[in-house]
Every structure is written in structure tokens, then in C-alpha cells.
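Asks: Sequence:
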Amino acid sequence: MAGQLTVAGVALTTAAGGLTLAGSLVNFVGATLLNKALAQMNEPKPDDVQVNSKAAVAARMRHYGLVKAGGNTVFHRARDGVSFRVIVHGHGEIAEVEQHYLNNEPVELAGDGLVAGDQYYYKRPRVRVLGRKGYAPHLTYFERINAIWPEWSELHRLDGLWHSLIICESVKAEKFRAMYPRNEPDLTVLAQTSRCHDPRTGQTAFTENMALAIADYVASPDGFNRPGAFDEADIAAQADICDQEVALATGGTERLFRVSGSYLLNEKPQAVLSRMLEACAGRVRLKPNGKVALKVGAWVEPTFTLTFADLLEVQEVTSGPDLLDRYNMLPARFNSHDLGHVEVDAEPWQDAARLAEDGEVLVGPAKSILMSPSHRQTRAVMKIHMERDNPRQELRVMCKPRALPAIYEETIALDIPQMGLVGAYEVGQYSLSFEKGLLHAVGLSLRLVDAGAFALSLSEQGAVQTLPEPDTASGVPVPQNVAAASAGIQTAENSFVAAIGVGWQTPPSDALEPVLKIAQTGSDNWQDVTVGAGASSVTIPGLVQGWSYDLSLAFETPGGVVGEAVEISGVVALAVSTPPAAPTGLVVSDTGAGSARVEMIASSSASLWKTEIYRDGALAGIVYAGPGSAIAFVDSCGAGSFAWSARSVNVSNINSSSDTGPVTASIA
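Position 346 (the sequence shown) corresponds to 346 in the working numbering; numbering is contiguous.
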């Protein structure tokens with residue numbers, strides 16, 4: 001049986017040879033290629049996190065920082081034209097939801113979760129989003145589901161899972177594609193996710209602080225499940241560093257090291273911790289008291305110094321990696337909050353001095369820094385990784401036992417001018433040599449490190465990537481220059497039918513067909529109007545004279561997708577829309593006995609309905625005579641002097657523009 005490996009009394013392995021927590025973290029300082037590969041294979045990408053999936057069995061996912069998440073659909077049923085979907089966004093309680101998105105477009109929620117805005121409104125709001133923050137237990141469940149499917153009960157509270165219910169009501173076919181262009185919309189939610197304990201305040205609250213997130217993950221049952229692994233004073237000090245405000249080249253400030261990312265609960269904890277550390281250029285090291293210390297990527301002057309008197313042997317000194325292993329350009333990807341919480345490329349980090357020395361561009365392995373939410377933070381981390389991976393000097397030394405404290409340090413100082421070894425060196429691997437049970441020598445692998453690598457100037461922050469406009473379909477075009485007016489139809493001599501004429505601009509594609517509907521104003525009884533293929537105007541006959549109508553015109557694709565409609569309200573149906581001509585040749589003669597003979601020629605307008613005769617402005621009689629007919633009307637007016645006039649009225653009850661007359665006559 002293998003014996004336990006211990007350092008300063010701290011067990012790094014079990015008796016069976018497995019790593020303890022301390023051993024895991026110490027081993028993790030020099031993360032193996034296998035762990036790096038696992039991190040790459042299992043790492044949830046920002047775009048993947050935002051997808052709505054329907055996996056029968058899906059791994060739970062937990063989030064840190066500000067995260068935009070889709071999720072797995074765990075319930076999806078429909079009845080009576082209403083769809084219900086329950087989507088689990090993540091494991092554990094979150095702090096607050098900041099924004100909802102449907103098909104990646106931000107939407108606002110009104111009362112009771114109703115989605116506001118025109119997109120999902122037809123007569124009433126048609127989409128509702130309700131959420132639960134992942135409390136354990138939730139005090140309620142979705143009663144709306146229970147009202148239809150009683151089997152959904154309080155046993156389906158989904159305790160400890162952050163989830164949403166999205167309800168979508170169907171609409172009539174011609175409205176469906178305008179409201180639901182991709183069928184039921186995908187739901188994503190931007191939220192302040194996990195709460196973390198802050199030893200500086202004693203409070204547990206939402207934070208983007210990387211040090212607090214790392215401490216939370218190591219303590220969490222979903223991570224290493226070691227709540228006492230770190231000293232709180234150490235975490236508080238590193239949290240202060242992470243919270244330092246850093247000036248941005250684009251203006252404003254941001255905090256030095258923030259976290260934004262997700263992990264699957266079935267991932268290896270070492271892989272998750274690796275991603276978190278990589279996003280802050282962090283390291284974890286064993287402490288003499290058996291706990292571990294976190295060091296984020298900020299420069300701290302070394303406090304432990306080795307001199308020539310501490311050396312037993314210098315075993316090897318090299319100028320760093322050779323031409324095949326070193327690099328002077330480093331690409332990386334990160335999770336950009338500025339570009340909508342998507343994975344994008346950072347501007348590659350290039351070391352001009354190393355490039356000049358190497359004489360050619362040597363590209364290093366691309367870094368996946370997807371728990372970094374900003375370009376500045378990513379560039380700062382890339383600069384540190386460049387320095388650590390390409391040291392200008394590496395050495396292995398054997399030292400006297402006095403060097404033992406160096407194994408607990410991230411960086412030590414060498415002051416050995418006799419051998420040209422002066423400066424700050426990072427401690428890599430180490431070994432302990434014992435003789436007769438006593439520590440005889442301490443072996444150290446050291447790498448020269450430049451403090452300047454931990455400072456990022458404004459000019460070094462680089463240009464933030466810009467994304468092209470999304471290549472989205474423009475949709476079905478809206479009809480242009482739509483006009484409607486009364487337009488009667490003459491069906492026979494002196495016979496007219498009330499109608500409305502509609503015209504529009506020819507659509508941009510011959511594949512589009514017009515869809516025209518009409519309804520009496522104030523009703524919802526829309527009727528389809530037959531329109532010929534390729535037509536740009538039509539007259540709608542058979543309407544009721546004088547009634548008001550509403551019209552709707554849209555274009556339809558060959559696939560049956562109907563676009564947004566243009567509506568015109570309050571168009572009056574008339575048989576004739578133009579005034580008739582006035583009667584002509586008005587004369588009046590006295591016929592005796594208090595009567596007058598009023599003669600004229602009726603209007604020549606084909607739409608003439610009647611001729612009205614007025615005496616002193618009052619209607620004296622109506623004559624129904626055809627266009628151009630001679631009219632003789634006997635008016636029993638009595639004796640006196642009177643003035644007569646006449647006007648024409650057409651079949652749409654429109655008067656002539658002016659009256660004929662007046663003609664004055666004295667009647668005996």
C-alpha cells in the first residue's frame with residue numbers, strides 16, 4: 001500500500017493514493033493537460049447557455065455573475081389554442097431578473113407577466129411570462145397549469161430550480177406569422193444569479209466579485225464541498241483587489257476581476273475551478289496551516305527572499321521555452337457583456353519585444369476565458385498568461401531547509417548577484433529531501449516574472465470587437481401607398497351600385513399576393529375580398545349605400561406567411577361620389593287661380609335620382625324624371641310674388657354643386 005504524501009504535516013494524498021482537497025488544489029496549481037482538455041470539452045459556452053432545449057434528461061447548470069440564460073423545457077403542452085412551456089434556466093436560487101428576451105429581442109412585462117408591446121398584441125396581449133427564482137422551497141407553483149392539468153400540483157414546485165412559465169395564445173392564421181415568425185418564441189432571461197458570502201460584510205448577496213465566487217464554489221456542495229478551505233481574511237483581501245476600479249480606454253471604469261459564466265453540475269470540479277482562475281489569472285496554493293490561499297492576478301511584491309547563502313546547488317538555468325514551445329502572440333475568447341452576452345474573440349495579445357527577438361509571429365494556444373465578461377479584463381489576463389507561459393529565465397535549485405517557506409509563496413525574490421539571479425520569481429514545482437527523518441534540502445523550480453505584466457495601460461486595452469448587423473430575414477413587406485374611396489358602379493341605365501375602390505403600390509416581388517379584407521366599421525366580421533393575382537387595385541361592389549367600412553390589406557408569400565397589414569377605417573360606400581349637374585332652363589308662368597307652372601330641363605347626369613323644386617327657399621315639390629327630361633310642375637302657391645329655384649340629387653343623395661335660379665314671378 002502506498003504511503004501518504006505530506007507536506008509540513010498536511011496530507012496531500014489518502015492512504016490509497018487519492019488526492020485530498022489540499023492535494024487536489026496543490027496539484028491544480030500546475031493544471032495538467034488532461035484537466036485543461038476536460039475544461040475545454042465540458043465548458044458551457046455563452047451561446048449554448050442561451051439555447052432553449054428539450055432534452056429528456058439534461059444536466060443541471062449553475063451560474064455566477066450576470067448571465068443570459070435559456071434553459072431546458074421540462075413541460076410543454078397545449079390546449080384550446082394556448083401553449084404552456086416551463087423552462088428551467090438554472091440550478092439554485094438567483095438574486096434578480098434584469099431583462100426578458102423573446103427570440104433574443106428584449107421585451108417588457110406588464111402586470112401579471114403579460115408581454116407589452118405590439119409584437120405580441122392582437123385585441124389583447126397574447127404572451128405571458130411568469131418566473132420563479134429557485135427558492136427551496138418555492139411557496140407556490142403554477143396554478144394556471146393546474147387549472148387545466150390537475151396532475152401538475154404542489155409536487156411540481158421545482159424547488160431549488162430557477163425557472164419560467166411562458167404562455168402563448170394562438171391567433172388567426174393571417175396574424176400568426178406576424179406575431180410568431182419562428183413559431184413559439186424562444187425565451188432567454190438576463191439575471192443577477194448566485195448569491196455569495198462576503199466575509200468583509202458578513203452578508204450573502206449577489207456579486208460579480210471573482211474571489212467571492214471562487215470561494216463560494218469551493219465551499220459549495222455542488223463544487224468541492226469544502227466550506228473551510230480558505231481563510232476568510234485571505235478571501236476578503238483578494239475580494240478587495242477584485243473590486244478595485246480600473247479606468248477604461250473608452251471612458252468610465254469597471255472592477256478589476258468580475259465573473260460571468262456557467263458550469264454543469266456533472267463537470268469535474270477541477271475543470272470548473274480552472275476556468276474561474278483563468279479568468280482572473282488566479283492561483284491557489286497550500287498554506288502552512290493546511291488551508292489554501294487564493295491569489296488573483298494582481299502584482300504583490302514578494303516578501304520572502306533567497307540569497308546565495310541559502311543555495312546548495314543550481315541544477316539548471318535556461319532562457320525559458322525554446323522556439324518550438326514559446327509564443328509571442330496569444331488569441332483568446334471571452335463572454336462579452338457589451339455585445340449581448342455572446343462568446344467573441346478578444347484582440348490577440350502580442351508582445352512586440354518578444355516578436356522582435358523571435359523574428360516571426362509565434363501563435364500560442366488559444367485561451368478560452370469565457371468567465372471573463374469584458375474585453376479589458378480578458379486582455380489583462382492574456383498579458384499575464386503570456387508572461388507566465390514564456391518566462392525569460394527558468395531554473396531549478398536545491399536550497400537549504402531555510403527555503404521551506406518558499407513552497408507556500410506564489411512569488412519569491414532572488415538576490416544572488418554572484419550568479420546573475422536577481423529579481424522576482426514564481427514558484428512552480430517543488431520537492432522535499434529528507435535524511436534520517438529530517439528535512440535536508442528543498443528543491444524549487446522557479447520562473448522569472450516581470451511585475452509589468454500585471455499592469456495594463458489604457459493603450460494596451462485594445463479595440464473592442466464589433467459585430468456585424470445580424471443577418472435576419474426582412475420579413476414580408478408592408479403594402480405601400482394604400483388608398484381607398486367610394487367608387488360606385490353603374491350596372492344599367494340610371495342604375496348604380498354602392499362600392500369602394502382600393503388601390504396600392506405594386507409589391508416588390510411577383511411572388512407576393514395581396515390579401516384584402518373588409519368589415520363594417522365597428523364590427524369584427526371581416527370578409528375576404530377576391531383580388532386577382534398581380535392586381536394593384538380593385539373595386540368592392542354590393543355594399544350598402546352610405547354605410548362606413550374598414551379595410552385591411554397585407555401581402556402573402558407562396559408559403560402562406562401573411563405580413564403586417566395596413567388598415568384604413570371609415571370609408572363610406574357610395575353609388576356615385578360626384579355631384580350631379582344642376583337642372584337648366586328654369587321658367588315660371590302664372591296659370592291663374594293662385595297656381596304657377598314651373599318648367600325646366602332635368603340634369604343631364606346619368607346618376608340623377610330626383611329634382612327638388614324650392615319656393616322662397618322651402619321645398620315645394622319633388623319630380624322623379626330621367627336625365628335630360630322636360631319637367632313641368634304645377635305649384636299651388638296662392639296669389640303673390642315668389643322666387644323659385646331647383647336642384648339635382650343623385651342616387652347617392654349628393655346634391656348638385658349649385659342650384660338653378662332663383663326665378664321671381666307674380667301670381668294672381
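Hints listed in this document are in silico derivations from the structure and should not be mistaken for laboratory results.
Small disclaimer: the values here were computed from a predicted structure and weren't measured.
Think of the CB as a built atom: it goes at the ideal place given N, C-alpha and C, for glycine as much as any other residue.
Mixed in with the good hints there might be a few duds.
Derived pair list, reagent style DMTMM-like, types lysine to aspartate or glutamate, alpha-carbon separation capped at 20 Å [as the list claims (entries may be wrong)]:
| id | residue 1 | residue 2 |
| --- | --- | --- |
| 1 | Lys517 | Asp550 |
| 2 | Lys54 | Glu184 |
| 3 | Lys291 | Glu184 |
| 4 | Lys291 | Glu232 |
| 5 | Lys172 | Glu154 |
| 6 | Lys175 | Asp80 |
| 7 | Lys172 | Glu513 |
| 8 | Lys517 | Glu460 |
| 9 | Lys175 | Asp186 |
| 10 | Lys291 | Asp231 |
| 11 | Lys133 | Asp222 |
| 12 | Lys133 | Asp80 |
| 13 | Lys175 | Glu567 |
| 14 | Lys172 | Asp118 |
| 15 | Lys400 | Asp310 |
Have a look at the derived ranges for each label pair, beta carbon to beta carbon [claimed, not checked]:
| id | residue 1 | residue 2 | range |
| --- | --- | --- | --- |
| 16 | Ile148 | Gly542 | 52 to 58 Å |
| 17 | Gly160 | Gly340 | 26 to 32 Å |
| 18 | Val566 | Pro150 | 55 to 61 Å |
Asks: Against each hint, give a clear statement of whether it holds in the structure.
Replies: Hint by hint, here is what the structure shows:
Between Lys517 and Asp550 the alpha-carbon distance is near 8 Å, which keeps this suggested pair within the 20 Å criterion. Distance hint between Lys54 and Glu184 is fulfilled; the C-alpha atoms sit about 14 Å from each other, no more than 20 Å. For the hint linking Lys291 to Glu184, the alpha-carbon distance of about 51 Å lies beyond 20 Å, and the restraint is violated. A threshold of 20 Å between alpha carbons decides the hint, and for Lys291 with Glu232 the separation of about 11 Å falls inside it, so the pair holds.
Only pairs whose Cα atoms come within 20 Å are accepted, and Lys172 paired with Glu154 is rejected, the gap being roughly 34 Å. For the given pair, Lys175 sits about 17 Å from Asp80 by alpha-carbon distance, which is consistent with the 20 Å threshold. With a C-alpha separation of about 18 Å, the suggested pair Lys172 and Glu513 falls inside the 20 Å cut-off, and the hint holds. The straight-line distance between the Cα atoms of Lys517 and Glu460 is roughly 62 Å, outside the 20 Å bound, and the hint therefore fails.
Using a Cα cut-off of 20 Å, the hinted pair Lys175 and Asp186 holds, with the two alpha carbons roughly 19 Å apart. Taken as a hint, the Lys291 and Asp231 pair is honoured in the structure, with Cα atoms around 7 Å apart against an allowance of 20 Å. At roughly 18 Å between alpha-carbon atoms, Lys133 and Asp222 fall within 20 Å of each other, so this suggested pair holds. Between Lys133 and Asp80 the CA atoms are separated by roughly 29 Å; this puts the pair beyond 20 Å, and the hint is violated.
Of the supplied pair hints, the one linking Lys175 and Glu567 holds, its CA atoms being roughly 13 Å apart against a limit of 20 Å. Proposed proximity of Lys172 and Asp118 is supported: the alpha carbons are some 16 Å apart, at most 20 Å. For the suggested pair Lys400 and Asp310, the alpha carbons sit about 5 Å apart, so the restraint of at most 20 Å is met. For Ile148 paired with Gly542, a C-beta distance near 44 Å fails the hint of 52 to 58 Å.
The hint said 26 to 32 Å for the Cβ distance between Gly160 and Gly340, and at roughly 29 Å that hint holds. Against the hinted window of 55 to 61 Å, the Cβ-Cβ separation of Val566 and Pro150 comes to about 45 Å, which falls outside the hint.
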